[in-house]
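So you can see what is in the structure, the chains are spelled out below.
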Amino acid sequence: MQASGWIMMVVVLGGVWGGFVYLLVKSARQGDR
Amino acid sequence: MSQHDEQFATRWGILLAAIGMAVGTGNIWRFPRVAAANGGGAFLIAWLVFMFAWSIPLVLSEFALGKHTRRGPAGAIGHLIGARHTWLGAFVGVCTCFIMFYYSVVTGWCMKYFVATLSGGLHGADAQAYWEGFTSASAEPVFYHFAAMAIGCWIISRGVVKGIERTNRILIPILFALLLVAALRALTLPDAMKGLGFLFTPEWGQLLSHKVWLEALSQSAWSVGAAWGLVMTYGVYLKKKDDFVLTSYTTAFGDYAASLLAGIAVMCTVFAVLPEVDARAALGAGNEGLTFIWLPKLFEQIPAGRLFLALFFLALSFAAMSSLIAMIEMATRIGVDLGIPRRRAVPLIGVVGFVLGVPSAWKLGIFQNQDWVWGLGLMVSGLFIAIALAIFGTDRFRRELINTEDEPHPVGAWFTFVMRYVVPLEFMALMVWWFYQSAANYDREGWWDPRHTYSVGTTVVQWGLLIVLLLLVNRWWAARVGAKER
Numbered sequence: 001m002q003a004s005g006w007i008m009m010v011v012v013l014g015g016v017w018g019g020f021v022y023l024l025v026k027s028a029r030q031g032d033r
Numbered sequence: 034m035s036q037h038d039e040q041f042a043t044r045w046g047i048l049l050a051a052i053g054m055a056v057g058t059g060n061i062w063r064f065p066r067v068a069a070a071n072g073g074g075a076f077l078i079a080w081l082v083f084m085f086a087w088s089i090p091l092v093l094s095e096f097a098l099g100k101h102t103r104r105g106p107a108g109a110i111g112h113l114i115g116a117r118h119t120w121l122g123a124f125v126g127v128c129t130c131f132i133m134f135y136y137s138v139v140t141g142w143c144m145k146y147f148v149a150t151l152s153g154g155l156h157g158a159d160a161q162a163y164w165e166g167f168t169s170a171s172a173e174p175v176f177y178h179f180a181a182m183a184i185g186c187w188i189i190s191r192g193v194v195k196g197i198e199r200t201n202r203i204l205i206p207i208l209f210a211l212l213l214v215a216a217l218r219a220l221t222l223p224d225a226m227k228g229l230g231f232l233f234t235p236e237w238g239q240l241l242s243h244k245v246w247l248e249a250l251s252q253s254a255w256s257v258g259a260a261w262g263l264v265m266t267y268g269v270y271l272k273k274k275d276d277f278v279l280t281s282y283t284t285a286f287g288d289y290a291a292s293l294l295a296g297i298a299v300m301c302t303v304f305a306v307l308p309e310v311d312a313r314a315a316l317g318a319g320n321e322g323l324t325f326i327w328l329p330k331l332f333e334q335i336p337a338g339r340l341f342l343a344l345f346f347l348a349l350s351f352a353a354m355s356s357l358i359a360m361i362e363m364a365t366r367i368g369v370d371l372g373i374p375r376r377r378a379v380p381l382i383g384v385v386g387f388v389l390g391v392p393s394a395w396k397l398g399i400f401q402n403q404d405w406v407w408g409l410g411l412m413v414s415g416l417f418i419a420i421a422l423a424i425f426g427t428d429r430f431r432r433e434l435i436n437t438e439d440e441p442h443p444v445g446a447w448f449t450f451v452m453r454y455v456v457p458l459e460f461m462a463l464m465v466w467w468f469y470q471s472a473a474n475y476d477r478e479g480w481w482d483p484r485h486t487y488s489v490g491t492t493v494v495q496w497g498l499l500i501v502l503l504l505l506v507n508r509w510w511a512a513r514v515g516a517k518e519r
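First to last, the protein sequences are chains E and A.
Numbering-wise (our numbering), the first sequence opens with residue 1 and increments by one.
Numbering-wise (our numbering), the second sequence opens with residue 34 and increments by one.
Honestly, the hints are just simulated from the structure, not real lab data.
A few of these clues could be false.
[What the hints assert, rightly or not] Quick list of in silico lysine-lysine cross-link-like pairs, DSSO-like style, CA-CA up to 30 Å:
no.: 1; chain 1: A; residue 1: K330; chain 2: A; residue 2: K396
no.: 2; chain 1: E; residue 1: K26; chain 2: A; residue 2: K517
no.: 3; chain 1: A; residue 1: K244; chain 2: A; residue 2: K195
no.: 4; chain 1: A; residue 1: K274; chain 2: E; residue 2: K26
no.: 5; chain 1: E; residue 1: K26; chain 2: A; residue 2: K244
no.: 6; chain 1: E; residue 1: K26; chain 2: A; residue 2: K272
no.: 7; chain 1: A; residue 1: K274; chain 2: A; residue 2: K195
no.: 8; chain 1: A; residue 1: K274; chain 2: A; residue 2: K517
[Unchecked claim] Far from chain E by the CB rule (all over 12 Å, computed), these chain A residues:
no.: 9; residue: I52
no.: 10; residue: G166
no.: 11; residue: L279
no.: 12; residue: T284
no.: 13; residue: P380
no.: 14; residue: F387
no.: 15; residue: W395
no.: 16; residue: L409
no.: 17; residue: I420
no.: 18; residue: N436
no.: 19; residue: V465
no.: 20; residue: E478
no.: 21; residue: R484
Don't be surprised by glycine CBs; every beta carbon is placed ideally from N, CA and C.
With these hints in hand, go ahead and build the complete structure from the sequences.
Following this line, the structure appears as structure tokens:
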């Protein structure tokens with residue numbers, strides 16, 4: 001895979017999965033209201 | 034909301050139900066091949082843009098509509114902007130009901146292939162002949178469609194907490210675990226990097242192609258479940274103090290995260306086993322062709338392939354079932370809003386859903402036609418929700434129905450801009466694009482003929498008939514859901 005592919009993989013996977021995990025943690029911290 | 038309606042017990046229950054609604058077969062069998070065919074990394078950029086330019090604003094709108102009005106799609110829009118507009122919401126709900134009829138068939142296919150992989154029925158068989166034998170001449174698809182509908186209705190009959198919430202608490206974590214296992218297995222295959230290359234390496238020139246942007250928009254719209262009326266229905270079961278902005282974002286990110294895992298699993302497997310020319314043929318074989326013909330062939334060629342194929346079809350079945358129950362719940366909600374007691378509405382939806390799904394189970398051509406017509410119909414649903422908000426006042430909707438005192442994460446003015454201008458523009462671009470596809474590529478000779486599977490004619494006639502019917506019964510429907518003139 002070319003370098004641009006690796007960069008894109010890190011950006012997209014990191015962005016989407018990072019965002020998802022961050023939001024899950026934020027939801028867990030907020031708890032039920 | 035009637036005083037007998039249940040409410041979600043926990044934030045996790047709401048979140049897992051929403052993610053279960055969103056993650057469906059489209060994440061697993063459509064995303065990988067569409068991404069690979071449209072410039073890999075370039076497609077992914079466009080796809081990420083549409084998360085914010087279509088999916089999240091519509092999910093936010095739906096949660097707000099359901100929570101505020103305590104009604105399903107028709108009742109919600111009738112209550113928001115007046116009785117004479119009830120048909121706009123009714124279109125959203127009925128369009129998704131039409132999808133439910135054939136989605137139950139798809140769920141049945143996934144269950145059948147899971148059973149066939151476990152029992153060894155698929156082992157050593159010619160995958161093409163097996164698929165054709167299964168779908169063309171046998172009553173088996175009807176049986177599995179019945180089984181899917183029966184299981185879905187049984188879950189819904191147990192109610193919001195014991196049915197929807199408990200089922201998704203089990204299905205969704207297992208689904209993500211299965212996708213993770215499938216992706217890790219695929220990554221350890223020789224030549225897996227070639228698949229990753231096709232999925233992620235950007236062809237920057239493709240960003241100038243309108244096709245890439247329109248395919249990315251279609252994928253986002255179909256995958257996240259925005260404008261289906263399903264989130265609106267789940268919104269009905271939120272407590273007054275429940276906030277939903279964080280849940281909306283998490284649902285969209287969770288859906289995209291599942292797509293990426295499925296993309297890695299499918300692309301790495303396809304490119305690890307097949308030479309590049311055959312890999313491209315497999316990815317060009319359409320959703321059913323890739324999933325039910327190519328993947329069984331491919332998994333046979335990798336160590337412990339049968340086990341991983343069974344896990345793959347189990348994941349697909351879970352993804353399909355968690356979306357199907359959301360559709361059955363929405364149809365049930367429509368019935369309840371019309372005055373049918375819930376205990377009667379669920380079996381009624383089960384029977385109607387089974388009967389109207391039988392033609393799609395019996396004949397692949399009817400399934401493909403319905404998928405084409407009502408899949409595109411979802412874009413109309415998106416437009417209708419945007420119109421409803423515009424009539425009410427899009428910014429007023431944001432201020433009064435989303436950014437309420439119970440909402441700790443207020444949404445900015447970008448929401449108003451997207452719903453007021455971007456969504457209608459996207460709708461127009463999509464309609465022109467898909468109708469052009471029909472006339473120029475799918476059916477050049479008979480694009481106008483309503484009898485043809487992928488024609489413009491069949492789409493316009495079926496939507497037209499539905500809209501005329503809904504306009505005829507609009508006054509009755511509005512009265513049943515208690516919508517008043519404004």
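How the hints compare with the structure:
Distance check on the hinted pair: A:K330 and A:K396 sit about 24 Å apart at the alpha-carbon level, within 30 Å; holds. Simply put, E:K26 and A:K517 have alpha-carbon atoms about 40 Å apart, too far for the 30 Å limit, and the pair is violated. In summary, the hint linking A:K244 to A:K195 is not supported, as the alpha carbons are separated by about 44 Å, beyond the 30 Å threshold. Annotation: proposed proximity of A:K274 to E:K26 holds, straight-line Cα distance about 17 Å (limit 30 Å).
For a cut-off of 30 Å, the pair hint linking E:K26 to A:K244 is broken: about 36 Å separates their Cα positions. The hinted pair formed by E:K26 and A:K272 meets the criterion: a straight-line CA distance of about 20 Å does not exceed 30 Å. A distance of roughly 21 Å separates the Cα atoms of A:K274 and A:K195; the hinted pair therefore holds under the 30 Å criterion. About 26 Å separates the Cα atoms of A:K274 and A:K517, which keeps this hinted pair within 30 Å; it holds.
Listed as outside the interface, A:I52 is inconsistent with that label: its C-beta sits roughly 10 Å from the nearest C-beta of chain E, within the 12 Å cut-off. Here A:G166 stays apart from chain E, with its beta-carbon at least about 39 Å from theirs, past the 12 Å limit. The claim that A:L279 lies off the interface is violated: its Cβ sits roughly 6 Å from the closest Cβ of chain E, which falls inside the 12 Å cut-off. With a minimum CB-CB distance of about 9 Å to chain E, A:T284 fails to clear the 12 Å threshold, and the non-interface call is violated.
Taking the minimum C-beta to C-beta distance to chain E, about 33 Å, the non-interface status of A:P380 holds against the 12 Å cut. The beta carbon of A:F387 sits about 36 Å from the closest Cβ of chain E, which is more than 12 Å, so the claim that it is off the interface holds. Its beta-carbon lying about 39 Å from the closest one in chain E, A:W395 satisfies the requirement of being farther than 12 Å from that chain. For A:L409, the requirement that its beta carbon stay farther than 12 Å from each beta carbon of chain E is met, with the minimum near 26 Å.
Separation of A:I420 from chain E is adequate, the least Cβ-Cβ distance of about 30 Å exceeding the 12 Å criterion. Residue-level check passed: A:N436 sits 16 Å from the nearest beta carbon of chain E, beyond 12 Å. Its beta-carbon lying about 29 Å from the closest one in chain E, A:V465 satisfies the requirement of being farther than 12 Å from that chain. Listed as outside the interface, A:E478 is consistent with that label: its C-beta sits roughly 41 Å from the nearest C-beta of chain E, beyond the 12 Å cut-off.
No beta-carbon of chain E comes within 12 Å of the beta-carbon of A:R484; the shortest separation is about 42 Å.
The structure shown violates the earlier hints numbered 2, 3, 5, 9, 11, 12.
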